[in-house]
Amino acid sequence: NAGVTQTPKFRILKIGQSMTLQCTQDMNHNYMYWYRQDPGMGLKLIYYSVGAGITDKGEVPNGYNVSRSTTEDFPLRLELAAPSQTSVYFCASSYKGLAYGYTFGSGTRLTVV
Amino acid sequence: TQLLEQSPQFLSIQEGENLTVYCNSSSVFSSLQWYRQEPGEGPVLLVTVVTGGEVKKLKRLTFQFGDARKDSSLHITAAQPGDTGLYLCAGEVVSGTYKYIFGTGTRLKVLA
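For the record, the sequence lines run as chains A and B. Reminder that position 46 of the first sequence reads as 110 in this note's numbering, one-by-one numbering, no gaps. Reminder that position 43 of the second sequence reads as 49 in this note's numbering, one-by-one numbering, no gaps.
Quick caveat, the hints were computed from the structure, so don't treat them as lab data. Glycine residues also receive a C-beta, built at the ideal position from the N, C-alpha and C atoms. Please note that the accuracy of each hint is not assured.
To be verified - In silico DSS-like pairs for lysine-lysine, Cα to Cα no more than 27 angstroms straight-line:
| hint | chain 1 | residue 1 | chain 2 | residue 2 |
| --- | --- | --- | --- | --- |
| 1 | A | 108 | B | 105 |
| 2 | B | 115 | A | 108 |
| 3 | A | 78 | A | 121 |
| 4 | A | 78 | A | 108 |
| 5 | B | 76 | A | 108 |
What the hints assert, rightly or not - Negatives, chain A to chain B, calculated, CB over 12 angstroms:
| hint | residue |
| --- | --- |
| 6 | 75 |
| 7 | 77 |
| 8 | 81 |
| 9 | 84 |
| 10 | 115 |
| 11 | 126 |
| 12 | 143 |
| 13 | 149 |
| 14 | 150 |
Could you build all of it, start to finish, from the sequences and the hints given here?
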């Protein structure tokens, strides 16, 4: 099925470890985003990309890095995991940007212990 | 700080009842979306409203964009257990640092 695919679905990390959250979309969308969702806090934008080779910081970028080498893939890298990064992470994509709404992946639940 | 406040935060109702969820801000939006999110899944887009005063219907769901484009409402008629979920509004702000912001959500539970 067409859409946004995220892996893994669940992950437990120890403090100081690193990992990459994978995100791929097959809708040929130029715009891709990474959000984190914390209880009662809504969705916060971490990083976004308006096309291959172009990335920019969102509202809460500290502790994360991204790359966009292809239109389809937008991985999120966590370096030196901290308990504050325990959250549910969502990748999303959109056709032309904000006014068209987003297609979200099913999320990655990350726990840092 | 740009905020998009939703009310109520939680709502538990019986099947067949009507309800309204509100989304309010001091910012002006060029467009606003409503999403529904079920446990363990990402939000799913329900509707986009663009014009002040616009009303859109999706079966038993009615969405309205405020005349000044600062607020929106979602009305559900004869709620069903399948309507249970987290409802999120999100908007494209006309001006500001972060162009697209999400509301904090309304968690709805419809009891059979």
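Here's how the hints hold up against the structure:
1. Of the supplied pair hints, the one linking residue 108 of chain A and residue 105 of chain B holds, its CA atoms being roughly 12 angstroms apart against a limit of 27 angstroms.
2. Proximity of residue 115 of chain B to residue 108 of chain A is assessed by CA-CA distance (about 24 angstroms); at most 27 angstroms being required, the pair is judged to hold.
3. About 25 angstroms separates the Cα atoms of residue 78 of chain A and residue 121 of chain A, which keeps this hinted pair within 27 angstroms; it holds.
4. As the CA atoms of residue 78 of chain A and residue 108 of chain A are separated by approximately 23 angstroms, the hinted pair is consistent with the 27 angstroms bound.
5. Note on residue 76 of chain B and residue 108 of chain A: the hinted pairing holds, with a Cα-Cα distance of about 20 angstroms set against a maximum of 27 angstroms.
6. Distance check for residue 75 of chain A against chain B: the nearest CB is about 15 angstroms away, which clears 12 angstroms, and the non-interface claim stands.
7. At roughly 20 angstroms, the least C-beta separation between residue 77 of chain A and chain B is larger than 12 angstroms, which holds for a residue marked as non-interface.
8. Taking the minimum C-beta to C-beta distance to chain B, about 24 angstroms, the non-interface status of residue 81 of chain A holds against the 12 angstroms cut.
9. At roughly 19 angstroms, the least C-beta separation between residue 84 of chain A and chain B is larger than 12 angstroms, which holds for a residue marked as non-interface.
10. At the 12 angstroms boundary, the C-beta of residue 115 of chain A stays outside the reach of chain B, the nearest C-beta of that chain being 16 angstroms off.
11. Separation of residue 126 of chain A from chain B is adequate, the least Cβ-Cβ distance of about 15 angstroms exceeding the 12 angstroms criterion.
12. The non-interface label for residue 143 of chain A is consistent with chain B: the shortest C-beta to C-beta separation is roughly 23 angstroms, beyond 12 angstroms.
13. Every beta carbon of chain B lies more than 12 angstroms from that of residue 149 of chain A, the smallest distance being close to 19 angstroms; the non-interface claim holds.
14. Non-interface call for residue 150 of chain A relative to chain B: holds, since the shortest CB-CB distance, roughly 17 angstroms, exceeds 12 angstroms.
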